[in-house]
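K.L.:
Sequence:
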Amino acid sequence: MTAVAAGEGWKRRDSGPVVRPYAVTGGRTEPADGEVLDLIAVVMATSKAGGNGSEASRRTPEHRKIVDLAQQPTTVADIASGTRLPVGVVRVLLADLIMLGAVKVVRQRPANQVPSDDLLKEILNGLRAL
Numbered sequence: 001m002t003a004v005a006a007g008e009g010w011k012r013r014d015s016g017p018v019v020r021p022y023a024v025t026g027g028r029t030e031p032a033d034g035e036v037l038d039l040i041a042v043v044m045a046t047s048k049a050g051g052n053g054s055e056a057s058r059r060t061p062e063h064r065k066i067v068d069l070a071q072q073p074t075t076v077a078d079i080a081s082g083t084r085l086p087v088g089v090v091r092v093l094l095a096d097l098i099m100l101g102a103v104k105v106v107r108q109r110p111a112n113q114v115p116s117d118d119l120l121k122e123i124l125n126g127l128r129a130l
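Note that my numbering numbers the sequence shown so that position 117 is 117, with each residue one more than the last.
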């Protein structure tokens, strides 16, 4: 190994991550449960997110950052942006947290499921009453 020459410094912090993404997930490329979250899937931290002492201490800094970002409902894409991790890595880490009960997926109504005509009429009548 060679020593750092005089005048040469350490690389800048913004030159890239120190740990490769596959190391963050332990080499896993897919969630353990097999369910891949969409980019627009909304996740939110649960009351178990704080965890007890031993569980919280086993979490990685990336897990803790995700839980912090998920205190408000947020999308997978926003979490990837907030953590500066690739989406694939975030999906694997989110699956870990879902299995631990620290975060949950907020299920949205499917796009093909429309409200009933009666409900729409009630809304329209309510708006007209204003």
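A couple of the hints might just be wrong.
[Stated by the list, open to error] Here are the simulated lysine to aspartate or glutamate pairs, DMTMM-like style, with alpha carbons at most 25 Å apart:
#	residue 1	residue 2
1	LYS104	ASP68
2	LYS48	GLU62
3	LYS48	ASP78
4	LYS121	ASP78
5	LYS104	GLU122
6	LYS121	GLU35
7	LYS104	ASP33
8	LYS48	GLU122
9	LYS104	ASP117
10	LYS48	ASP38
11	LYS65	GLU30
12	LYS48	ASP33
13	LYS104	ASP118
14	LYS104	ASP38
15	LYS104	ASP78
16	LYS65	ASP33
17	LYS104	GLU62
18	LYS65	ASP38
19	LYS48	GLU35
[Claimed, not checked] Cβ pair distances, simulated, as ranges:
#	residue 1	residue 2	range
20	ARG64	GLU30	17 to 25 Å
21	MET99	LEU130	22 to 30 Å
22	MET44	LEU119	41 to 49 Å
23	GLY82	ASP33	21 to 29 Å
24	LEU127	THR46	44 to 52 Å
25	ARG128	THR60	52 to 60 Å
26	GLN108	PRO86	17 to 25 Å
27	GLU122	GLY101	13 to 21 Å
28	ALA129	THR75	46 to 54 Å
29	PRO61	ASP117	29 to 37 Å
Since the hints were derived computationally from the structure, they do not count as laboratory data. We treat Cβ as the ideally placed atom computed from N, Cα and C, and that holds for glycine.
K.L.:
Indicate whether the distance between the beta carbons of GLU122 and GLY101 respects the range 13 to 21 Å.
P.N.:
violated (37 Å)
K.L.:
Does the beta carbon distance between ARG128 and THR60 stay inside 52 to 60 Å, or does it fall outside?
P.N.:
holds (54 Å)
K.L.:
Okay, MET44 versus LEU119 on CB: inside 41 to 49 Å?
P.N.:
Distance hint for MET44, LEU119 is violated at roughly 26 Å.
K.L.:
Check whether the Cα positions of LYS48 and GLU122 lie no farther apart than 25 Å.
P.N.:
violated (38 Å)
K.L.:
When you check the alpha-carbon spacing of LYS104 and GLU122, does it fall within 25 Å?
P.N.:
violated (32 Å)
K.L.:
Given the hinted pair LYS104 and ASP68, is their alpha-carbon gap at most 25 Å?
P.N.:
Within the cut-off at roughly 13 Å; holds.
K.L.:
Hinted pair, alpha-carbon criterion (25 Å max): LYS104, ASP33. Please report holds or violated.
P.N.:
With Cα atoms ~14 Å apart, LYS104 and ASP33 stay inside 25 Å; holds.
K.L.:
Is the hinted range of 46 to 54 Å satisfied by the C-beta distance from ALA129 to THR75?
P.N.:
Hint violated: Cβ distance 35 Å, outside 46 to 54 Å.
K.L.:
Starting from LYS104, check that the Cα of ASP117 is at most 25 Å away, please.
P.N.:
Cα-Cα ~31 Å, so violated.
K.L.:
Between the alpha carbons of LYS104 and ASP78, is the straight-line distance 25 Å or under?
P.N.:
holds (15 Å)
K.L.:
Does the alpha-carbon distance linking LYS65 and ASP33 stay inside the 25 Å limit?
P.N.:
Status holds; Cα separation ~22 Å.
K.L.:
Taking 17 to 25 Å as the hint, is the beta-carbon distance of GLN108 and PRO86 inside that range?
P.N.:
holds (24 Å)
In this structure, the earlier hints numbered 4, 5, 6, 8, 9, 13, 21, 22, 24, 27, 28, 29 are contradicted, and the remaining ones agree with it.
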